[in-house]
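Given the coordinates of chain A, work out where chain B should sit on it, guided by the hints.
There are 2 protein chains.
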Amino acid sequence: MVNSGEARGDGGVSSGSEGSKDSSRCSTPSLDPERRERLREKMRRRMEAGDKWFSLEFFPPRTAEGAANLLSMFDQMATGGPLFIDVTWHPAGDPGSDKETSSMMIASTAVNYCGLETVLHMTCCQHSPEEITGHLYKAKQLGIKNILALRGDPLGGQWESEEGGFDYATDLVKHIRSDFGDYFDICVAGYPTGHPEADSFEEDLRHLKEKVSAGADFIITQLFFEADTFFHFVKACSEIGITCPILPGIFPIQSYSSLRQLVKLSKLEVPQEIKDVIEPIKDNDAAICNYGIELAVSLCQELLASGLVPGLHFYTLNRKMATTTVLKRLGMWTEDPRRPLPWAISAHPKRREEDVRPIFWASRPKSYIYRTQDWNEFPNGRWGHSSSPAFGELKNYYLFYLKSRCPRQELLKMWGEELSSEESVFEVFAHYLSGEPNQHGYKVTCLPWNDEPLAAETSLMKEQLLRVNRLGILTINSQPNVNGKPSSDPIVGWGPSGGYVFQKAYLEFFTSRETVEALLQVLKKYELRVNYHIVDVKGENITNAPELQPNAVTWGIFPGREIIQPTVVDPVSFMFWKDEAFALWIEQWGKLYDEESPSRMMIQYIHDNYFLVNLVDNEFPQDNCLWQVVEDAFELLNRPAGLSREAEAP
Amino acid sequence: MVNSGEARGDGGVSSGSEGSKDSSRCSTPSLDPERRERLREKMRRRMEAGDKWFSLEFFPPRTAEGAANLLSMFDQMATGGPLFIDVTWHPAGDPGSDKETSSMMIASTAVNYCGLETVLHMTCCQHSPEEITGHLYKAKQLGIKNILALRGDPLGGQWESEEGGFDYATDLVKHIRSDFGDYFDICVAGYPTGHPEADSFEEDLRHLKEKVSAGADFIITQLFFEADTFFHFVKACSEIGITCPILPGIFPIQSYSSLRQLVKLSKLEVPQEIKDVIEPIKDNDAAICNYGIELAVSLCQELLASGLVPGLHFYTLNRKMATTTVLKRLGMWTEDPRRPLPWAISAHPKRREEDVRPIFWASRPKSYIYRTQDWNEFPNGRWGHSSSPAFGELKNYYLFYLKSRCPRQELLKMWGEELSSEESVFEVFAHYLSGEPNQHGYKVTCLPWNDEPLAAETSLMKEQLLRVNRLGILTINSQPNVNGKPSSDPIVGWGPSGGYVFQKAYLEFFTSRETVEALLQVLKKYELRVNYHIVDVKGENITNAPELQPNAVTWGIFPGREIIQPTVVDPVSFMFWKDEAFALWIEQWGKLYDEESPSRMMIQYIHDNYFLVNLVDNEFPQDNCLWQVVEDAFELLNRPAGLSREAEAP
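Line order of the protein sequences matches chains A and B.
Using our numbering, the letters of the first sequence correspond one by one to residues 1 to 650.
Using our numbering, the letters of the second sequence correspond one by one to residues 1001 to 1650.
Rather than coming from a laboratory, the hints here were simulated on the basis of the structure.
Treat each hint with caution, since some may be false.
With a Cα cut of at most 25 Å, we get these calculated DSS-like pairs of lysine-lysine [claimed, not checked]:
| # | chain 1 | residue 1 | chain 2 | residue 2 |
| --- | --- | --- | --- | --- |
| 1 | A | 138 | A | 366 |
| 2 | A | 525 | B | 1485 |
| 3 | B | 1485 | A | 485 |
| 4 | A | 485 | B | 1525 |
| 5 | B | 1052 | B | 1099 |
| 6 | B | 1174 | B | 1138 |
| 7 | B | 1320 | B | 1264 |
| 8 | A | 235 | A | 282 |
| 9 | B | 1328 | B | 1052 |
A few chain B positions that, by computed beta-carbon distances, are all more than 12 Å from chain A [what the hints assert, rightly or not]:
| # | residue |
| --- | --- |
| 10 | 1048 |
| 11 | 1256 |
| 12 | 1363 |
| 13 | 1463 |
| 14 | 1520 |
| 15 | 1536 |
| 16 | 1571 |
| 17 | 1628 |
All C-beta atoms, glycine included, are put in the ideal place defined by N, C-alpha and C.
Just chain A, with the same shape it has in the complex (with noise of 0.2 Å):
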């Protein structure tokens, strides 16, 4: 928005509709009663309950690696709790394609990855209305369900009506309206010391509230620097009969070209007493960024106290520190150390009611979400009730998100230039579970089935991870059992509070044939107590479920609620992770090696022989057995008349 310009809109009083809030009794008692909400119901339940709120502002990024970088940004600041986000809108970086980089797409992935309530910014005066409805089928596709109506910027910079086309940001509210009725959300923008092209102040506030009465739901305001500005134009809004929430836009100053270049763009003036601060430092980035803190801080806290804004709005500049420094220092960073679900929730529409998911995939969220795009419903408290178990295939998500996140170079260091044995395999999975550098004085901080470092609950049993990888059992998924800690518990905790929950020790690993038969003897003696599913590359499955059901791994109780089983174990959607798990031995891991070398050999000779295993241990009051099973297969293993290499080998 900051870097939009718009006029216009005028008359009307907001409506301040109800909205179209389900009615139906039989919705699914979700665990974040804000997850069926639209972003104007949640703006009234924290405006009556006195919650004040905060929320970003994006901009789309220049390059793939660029986009990888937001949204890793976007999950970082997810956990500070933004009632939303918003993306803006280049007109000359085509943005309604599918390109990675494009508004769209990254609003998209806002809401479908990142699970955050994202608001779209569209401008009219670029595109014609057919192309406006496009644009607005597709957000709505993708489960984009907010928009911020913007006129736009004339692409010569010098304004002309265009015929049939929009003019104004109140002609696209219209729009959205009468071609989407309630569907979206809408936000429009207000300039507090009026638009720099309106004649006049008033001129400009009965533009707005032509916008509002149009249909908008709230109002996001261009950057100022004092509060008094805010106040008078609140205060202007009111008379003229607006009612709907007005959000102050606050920029805190970065550094002193991006103040200069959006005090150009917005034609606002800085106060001289800013001007008499910033110039002699102007060359001090961090002298400056310190000073746009403290700026902001006293900005905000002004506005708070005066108990005019419901929220805050952050033109964050797509950068961290300066943002969130200031909501820390407001007291509104408010990080949950618990987890709504033990994986991250989409904000999609149509997901809505999801609440189980299979455990394989709990490394990579991102991909289950991109893999399950095209389901029209899922599961909801039981896995068997998945409509469909089509799962769809890693295209260019694959090599979007999966393969620009580290450079080659970085990742031939982590997982080695040279892998001389099965053993050099081993050490790259001991090396992440340990944490400590490898031979060469580089950390393995991912492994191409965790993208992320060791989760907390995984520390629980490191050394017992680190002792079966270094001897062959790679292990990519795990979780010890839990029976009935609180749902606060810093590590396994999740959910909302005076909850408990409950797990059963899971273990998923890459192994040889060979232990995969000693496993199998091992396995006679656990046959009621441990479930497996083996199987090879090529499908191969060996297993233990006799009519493949799927075994619930984690699940919490809660005041007031029905069951909540957040991961299963699902043979079925087993097989379609097999694929993705082999898969990403190549992609990844060989793929960094030239065709013929001994290196992309071995991994090929892991990806071709090794079994996909995993287990699940039910008796979760009890002690985890699965380290015992695994013992007791190496130990037959390395009897004298076993089936080990090593018995074979003299």
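Coordinates of chain B only, in the frame set by chain A:
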């Protein structure tokens, strides 16, 4: 079948078709894998496993009271684990009607309310094809999945072919297959000594083969007295190419008169050695019955030892003792102490996936099934999924099932000829709980809200329940909390072995406004721990459940399965249950007394002024706090400055 003669049927080979088992992956994991199978699949599976079964034949009763008794017998005999029961067709008794004594209604009740796999007999010679189609549609609608196709006896006793009608059971089998495809499993009758009307044993055998090749799935034989008769028959069937299961019909002789009547109808000859034993003791029913049991046990043992019978079919004559004694002697009466779920599962195909119910109807499952019979989908996995919470009214069912069980005089003895005070009502509840006779020497074996004696798990809380009932907390439903007891626990266990069951403590009761006011005071202290719903007959609803979500109060964790949560406290359903629970005061209790009598007015007073309260203690791992809640309320009531009547009295 005992009472129906039949001839004809020839040629053909049993199809032994595979049936139309759902192939969908998305089936619900049910606790009982047999629940999803059709009868012929169950038979095949049992035969493959060498697991012999038994089945039970009943005839429809003459009176409504007889019907109530028969249904009670169904429940009792279901505990022994019959593979199916069958209900004979009484052409003279309007067998396809909605009368509570009709064959159709008895079979429907067995399916829907008793959860029994049921075969309905149907004869063709007295009905037009249109009538028969009508009966079959109705049977299908009611959830009946199996038909025993018979010719039936001509009404006049003399056989005469009717224009356009069906002359033979074969015609009926063909008709069922042509009009209903593979929907029904079809059974036909076999005559080990040949049908009395057939020209020869061989001719009758050809007719039987004709019936099987027309689409019958299995055969039940007419009774016989010697094992060799059956072996000879089975051998002959095999030689002519009949390969479907053949179940021997076993008739334990229970009295001289019933044997004589049977012999007359079936035109069988009783072997001389049996006559020799029976004639001298013909007036001693007990002696004949014991002899009949001995005979039947020997016959069954001989049959089972031959390896030629997959199961035994018993002609019970609607009596329990002889058949159960024989089965227990054979070791085939297998009572499973664990319930498949904490409530009886209906056998109607559309309820196949049902596994969640509101706890309110725990003691009145038949009422719940009746009131939800028009639902198209049933909650599965989660109550929130239910398609509709529209509960039907209690009409005929109400009058039939609830009012006919116990004569008015007996109820008056239990519940008091005269109720002089609220306390005299409290005492009735207390006597029901204690099991001690009341002041007039009668035990209170049921209450309007509880058809059955106290459940074992309720006994766990008997002392507390007794105390609070005497003080005017009139409990109608309760369960203790359970924190992970084995599913095999004899008192609170349910479901497959190797699992763990859990409960939140639950208490539901009627009580006065004064007590409710005290409770509400006390409950403030338990705000985060205890969920409550409090309503009076007019529907004033007081609750601390903010979003009217269902609260799971029973759940189980089993090896290799998803979580099962069979009972919930659903606030919306509670409002329907409330109507039923209040109505029972008047309909079952108040109406025992004359209209203007003080007793009637006392019940009316309670009905009009008391509240129905339910409490859930969400802290299932801790000691149940609900007794403390109630004690705190009593203490408050007894304080001099309190709200209690005692305080107001002086």
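Structure-based check of all given hints:
With a CA separation close to 20 Å, the supplied pair residue 138 (chain A) and residue 366 (chain A) stays within the 25 Å bound. A hinted pair counts as satisfied when its Cα atoms are at most 25 Å apart, and residue 525 (chain A) with residue 1485 (chain B) qualifies at roughly 24 Å. Of the pairs offered as hints, the one joining residue 1485 (chain B) and residue 485 (chain A) holds, with about 17 Å between alpha carbons and a cut-off of 25 Å not exceeded. For the hint pairing residue 485 (chain A) with residue 1525 (chain B), the CA-to-CA distance comes to about 24 Å; that is within 25 Å, so the pair holds.
Taken as a hint, the residue 1052 (chain B) and residue 1099 (chain B) pair is broken in the structure, with Cα atoms around 35 Å apart against an allowance of 25 Å. A C-alpha spacing of about 18 Å is found between residue 1174 (chain B) and residue 1138 (chain B), which places the hinted pair at or below 25 Å, so the restraint holds. Only pairs whose Cα atoms come within 25 Å are accepted, and residue 1320 (chain B) paired with residue 1264 (chain B) is accepted, the gap being roughly 23 Å. At roughly 35 Å between alpha-carbon atoms, residue 235 (chain A) and residue 282 (chain A) are farther apart than 25 Å, so this suggested pair is violated.
The straight-line distance between the Cα atoms of residue 1328 (chain B) and residue 1052 (chain B) is roughly 14 Å, inside the 25 Å bound, and the hint therefore holds. Once the 12 Å rule is applied to beta carbons, residue 1048 (chain B) is consistent with being away from chain A; the minimum gap is 14 Å. The claim that residue 1256 (chain B) lies off the interface holds: its Cβ sits roughly 51 Å from the closest Cβ of chain A, which is beyond the 12 Å cut-off. Even its closest Cβ contact with chain A, about 22 Å, leaves residue 1363 (chain B) beyond 12 Å, as expected for a residue assigned away from the interface.
Residue-level check passed: residue 1463 (chain B) sits 27 Å from the nearest beta carbon of chain A, beyond 12 Å. Every CB of chain A is more than 12 Å from the CB of residue 1520 (chain B) (nearest about 17 Å), matching its label as outside the interface. Its beta-carbon lying about 22 Å from the closest one in chain A, residue 1536 (chain B) satisfies the requirement of being farther than 12 Å from that chain. The beta carbon of residue 1571 (chain B) is not kept farther than 12 Å from every beta carbon of chain A, the shortest such distance being approximately 9 Å.
The beta carbon of residue 1628 (chain B) sits about 17 Å from the closest Cβ of chain A, which is more than 12 Å, so the claim that it is off the interface holds.
Violated hints, in rising order: 5, 8, 16; the structure is consistent with all others.
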